[in-house]
Structure formats: structure tokens, C-alpha cells
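Undergrad: Chain residues, written in single-letter form:
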Amino acid sequence: MAEFEPKIVAFVCNWCTYAGADLTGTSRIKYASNVRIVRFPCTGRIDYMLLLKAFDEGADGIIVSGCHPNDCHYTSGNFHARRRWMAFRSLCDFIGIDTRRIKFSWVSAAEGAKWADIVNTTVASVRELGPYDEYKKVAKKPVKEESHG
Amino acid sequence: MDDLRKRAKELIDTSAVKVVIGYEQGTGNKTRALFVENSEVADKLIFDSRCVQNLAAYVTKQEVKSKGKMAITATLPVMRAIIQLASEFQVNDDNLIVIGITPESKIIDFKNLEEVETYVHQFQIEIDARNREILDKLDKMTPSERWKFWIDELSPCFKCYACRAACPMCYCSRCTVDFNRPQWIPVSSNELGNLEWHFMRAMHLTGRCVDCDACANACPLAIPINLLTKKMIEDAKSDFGGYQPSLKGENLLSTFKPDDKENFIQ
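First to last, the sequence lines map onto chains A and B. Note that the first sequence covers residues 1 to 149 in our numbering. Note that the second sequence covers residues 1001 to 1266 in our numbering.
If we strip away everything but chain A, and leave its shape as in the complex, we get (with noise of 0.2 Å):
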């Protein structure tokens, strides 16, 4: 059987972390291909409804990244995000969602290498921890219905 490659979604802010990604290419740095990137304007964008949304959909891990703090183009986007993550980390702790599996960062747009590193180890940890059945279950995923239209 073939090794297991981990699914990983990175929800990213548009004006740090996507750079810092671009950077990374364009810097010729190698990293894992297992990362498909979502663009947001900023972190303060990024519903908690869609990391759950990307568990659904099958995602293994999920990166969050955005702006250091004080470097949110929107001036607070950022701090704003960082208290909706708290409490969505702790409340997806108490309901057993594994927490390993979303990982969170703040990644410039100067750190390309930083980013390398981030998916890497990330895709790294959920290789280990292996495919997230427990949510998939819960999940089932219906088969997609043909559009006639």
C-alpha cells in the first residue's frame, strides 16, 4: 500500500502569509506538496465554520496563518482572529476534535523559509498521526449528485 499523504488545508491572509508563501517560491525553497492554500483577505476572515468545513471535505491537518501581531494591514484583523482562536481551539478540545491537527502561525511576508518550515513539520505530524478517521466518519460525505445543469 502506498504512504499515507496527508490532506492539509492552509487558510492564509492575503497580505502576510500568502507573500511569505509566494516568497518561498520564488526564493526556490523545496517543501511539501501536500498543502492547497486558501487566500483570505485577512486572518480576521477566517470563519471557524470553514476550518470544520475542511474536515468535512476530507482535509488530515489545517494550517492557519496570518500577520504577526501589530503587522495586520487592517490595524487589528489579526488580534480579533487570535481571540476567536482561542476560544475555538478550546472549545474544539472539549469536543474531542484533535487539536494537533490544526496548526497555527504567523508567518511574514519576508518569511518564506518560516512557511517551508511550517508545512513541512506539519505535514510531517499528521503523516504520523495518519488519516483523521474519526471526523471523516462522522462526516460521510454523501456522493455528489450529477449537475444537469
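Worth double-checking, as some hints may not be accurate.
Taking CB as the label site, the calculated pair distances span [said to hold, decoys possible]:
#	chain 1	residue 1	chain 2	residue 2	range
1	A	Arg100	B	Phe1149	17 to 23 Å
2	A	Pro69	B	Glu1250	16 to 22 Å
3	A	Leu129	B	Lys1069	55 to 61 Å
Because the hints were derived from the structure by calculation, they are not lab data. Positions of the beta carbon are idealized from the N, C-alpha and C atoms, including for glycine.
Could you slot chain B onto chain A? The hints should help.
TA: Leaving out everything else, chain B in the frame of chain A:
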């Protein structure tokens, strides 16, 4: 009880308010909400330990609001809810009079919401011993065990939304769960939808829940959904130093401190 009826009659007769919201004898041993619009009906008003429904849920309802100025009989959790609603601009001194009821069933006449706030701030929101014990037990479990616990507990839920209807803080005219483009939460009773619905409810109540237990009391299947909000109250204490509803209108998640401490962001 006579004091309460007298006060209600006085408010109605002097046209200070159009409706007084209180409790009356319901079917069986239950009490239910009573809307007093003329002074004869005021004699039906009762108050005792069975009156646990949070009447603050009515003050944001259009059907009640449209009657005109309201008065509400309010125990401590109801007063907290009123202050929280005032901080969210749902009620104010012009449309609501609060008739406070102390734990000793004494009536307090509040002149304005500021007085209610002062009264409310004498008491911290505390988790009762029985639920404290359950929370501690859950804390000791592994995440997988907790996952199993919640999947099992939530499995009978068929999303009647009684918890939402009973909650004074759930007053959005359109709730996320009612959206179908996109469909955030599966509406049928399944494990995923039940989990997401209760997860979302707890998140939306973080920093706003007044710990009145109305949701759990309203649940026809006695699911301990109030444990989720209680846990969020506990964690708010350790993460943000706790909270109290206040007229200043600073909800936990609508504000921040630049030096909020967390230990998980890399």
C-alpha cells in the same frame, strides 16, 4: 407574590408600560410565560422556584416589542441577559423596565438599566458544583473519549432549535443554521450536522452566555448542551480573566488586548 402583582398593576394602570412579562401556572407542574396587558390578568402572576425560563428571550421578539414599552420580571440570570442585550443595543431604558427579583423572592424596583448593571455586578458568573464535577470528569478524558462522549450525547438531537428559541442571546433574525446558500450546517438529524450546530451555538455564545441554563431546560431530549457554554465560560476565565455583561458593550470576542496570551501560535 402580592408585591409583584401590585407592581405589575401599577405599571399597567399608570400606562408606564403596555405589557408586563412574567410567569403563570402552566399545565401540570410547569410554569409558563404570561404577558399582562390589563390589570385583571396581573392576578395570574406567580413566582417560585419553578420559574426558570429566561424571559429575556421575549424582549427581542417583534410580537412583544410591537406592543410598546415592556416590563419584565427578572431573576439574576434574566437581569444579566438584559444587560447583555442592552450592550448589544437590543433594549434600552426607553423600551424596558426591569422588576428585579432577589433570590429571597423580594422585589427590587430598578429606575434604569444602570442600576440593574450595578446589582448584577455584585455577583460573578459561577459554574454550579454538579456541572463543575462533570466538566472535571470530561477534562480528564482523552480527546477521543470526549469525541465519543459528544457524538453519543448529541446523537438524539433532531434540531428542533428549542435551545435557540429559549436562549435570550439567540435573537438574530436569520440564523446561520437557516442559511442554505451555502448550507453551512446539514439540517437533517445526523452526527455531523448535530455536532456543527452545537459547536456553532457554543462559539456564538462565547463571551455572551449568561449561564441561565435555559437551553438545557428547553431541550426535549435533556441533552446537556449547557456544558459547552459552561466550558466556554470556564476557559474565558483562564484565558481572558472572565467576563460580566456590561453596558459598556465590550464583548469578549468583539474586543482584544494586544497582549492576549496564547501558547499555540508558532
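Undergrad: All the hints need checking, so say for each whether the structure fits it.
TA: Hint check:
| no. | hint | in the structure |
| --- | --- | --- |
| 1 | Arg100(A) x Phe1149(B): 17 to 23 Å | holds (19 Å) |
| 2 | Pro69(A) x Glu1250(B): 16 to 22 Å | holds (19 Å) |
| 3 | Leu129(A) x Lys1069(B): 55 to 61 Å | holds (58 Å) |
Taken one by one, the earlier hints all hold for this structure without exception.
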